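Colleague: Please put together the full structure from these sequences, using the hints given.
If you want the building blocks of each chain, they are given just below.
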Amino acid sequence: MDLDSPWDDTAAPSISRDIEWTKISNEFTNVGYREGITAGKESALQEGFDDGFAGVGVPLGREIGALRGRAAALLAFVQSPLCVVEGREALLAEARAIASALANVRFTDVVPRDLEAEAHAREHLADDEHGVDENEELKEKRKMEGLEDMLAQLTAGAPSAGMGDKPRPTMEDVRALEDRLKALSARLGLPVERS
Amino acid sequence: MSQDFDLETLVHLEQTLYDSGYQEGFAHGRIHGLIEGRALGREKGFELWEELAFYETFALTWKTIYTSLGREEDKTRKAHHIRHLLDLISQFPQVNPSASDSELDILKLSRQIQSRYRALCSTLGLKPSNIRASEADTLDAAQTNVEPVWKIENDQTMF
Numbered sequence: 001m002d003l004d005s006p007w008d009d010t011a012a013p014s015i016s017r018d019i020e021w022t023k024i025s026n027e028f029t030n031v032g033y034r035e036g037i038t039a040g041k042e043s044a045l046q047e048g049f050d051d052g053f054a055g056v057g058v059p060l061g062r063e064i065g066a067l068r069g070r071a072a073a074l075l076a077f078v079q080s081p082l083c084v085v086e087g088r089e090a091l092l093a094e095a096r097a098i099a100s101a102l103a104n105v106r107f108t109d110v111v112p113r114d115l116e117a118e119a120h121a122r123e124h125l126a127d128d129e130h131g132v133d134e135n136e137e138l139k140e141k142r143k144m145e146g147l148e149d150m151l152a153q154l155t156a157g158a159p160s161a162g163m164g165d166k167p168r169p170t171m172e173d174v175r176a177l178e179d180r181l182k183a184l185s186a187r188l189g190l191p192v193e194r195s
Numbered sequence: 001m002s003q004d005f006d007l008e009t010l011v012h013l014e015q016t017l018y019d020s021g022y023q024e025g026f027a028h029g030r031i032h033g034l035i036e037g038r039a040l041g042r043e044k045g046f047e048l049w050e051e052l053a054f055y056e057t058f059a060l061t062w063k064t065i066y067t068s069l070g071r072e073e074d075k076t077r078k079a080h081h082i083r084h085l086l087d088l089i090s091q092f093p094q095v096n097p098s099a100s101d102s103e104l105d106i107l108k109l110s111r112q113i114q115s116r117y118r119a120l121c122s123t124l125g126l127k128p129s130n131i132r133a134s135e136a137d138t139l140d141a142a143q144t145n146v147e148p149v150w151k152i153e154n155d156q157t158m159f
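Chains Z and R, in that order, give the protein sequences.
Going by the UniProt record's numbering, 46 is the number at position 46 of the first sequence; the sequence numbering is gapless.
Going by the UniProt record's numbering, 34 is the number at position 34 of the second sequence; the sequence numbering is gapless.
What the hints contain is simulated information worked out from the structure, not anything from laboratory work.
Okay, the calculated bits of chain R under chain Z, using three or more residues with CB under 8 angstroms as the criterion:
| id | stretch |
| --- | --- |
| 1 | 15-28 |
| 2 | 48-56 |
| 3 | 63-69 |
| 4 | 82-96 |
As the structure is a computational prediction, the values presented were derived from the model and not from experiment.
Note that CB positions come from ideal geometry on N, CA and C, so glycine has one too.
Modeller: Pasting the structure below:
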């Protein structure tokens, strides 16, 4: 006997009614839930975007971009005839090393964790549901970065190889590069600018 | 128990169940919207300002270099490009401008910044580098006719 069927004649009338009631109420609630989740998501996307844009993306981008810009300018300066300091070759090598290490830093290496997103994803895993959605464009980008890593590993023996199987750079590495950049500026006789 | 009461309850039952599901779903959807929007906003803000800050400190560093060399070149083309480049970058918003207060043409400003950066590189005798993010945005916009503000698609309530 299938107790799940609301049309089971042999079931006690009260059980049948309960099952039917549950089925009907679930149906209406689920339709509402589905439409609510879509509306709720759309209502909050822009708010989330603006928050992430101004709160994390812009300041972090400014920080990394500023270091890269300074490294590029110093590298070009050391290469130019304008630079007449002693030990120029060593400074050139240092400028190249800093610029190259900074170029290797990715957004995902330095972005702080989104703890709320992680907590919510864990709730979904506990409920055995699908995980938190990821934007298609970001998904594609992560895929490309994965491919880049694989290529870097394949060419790890070549002199121009990137990271090989080394771990990805962290914010601590960026801070260390910033210090090296300041030291380079000082050795070139330039005042250290704002960070 | 009156017949009227029962009928009224039944009439509203469907709506009540729907509403309760909707509210629950809406709250859950908001969490997802905030998370997904935040992830995209972080990435886009980073892309845009990583490039702009690159130009900014590139220009500032060259300004410092010339100053420290005792070559105040205020009237040269280099100084002119540096000044204009820094001025253009200072106009670029660091928060997402809403449609109401956005008379700003972001794409136009991006293009002006990039061409000014190229001009500076040219006077310095250097090959421009790091032009990336906003150029891609320009292409996207040209291909899809998206409004030139940072807007998440498929939502008419935004901006």
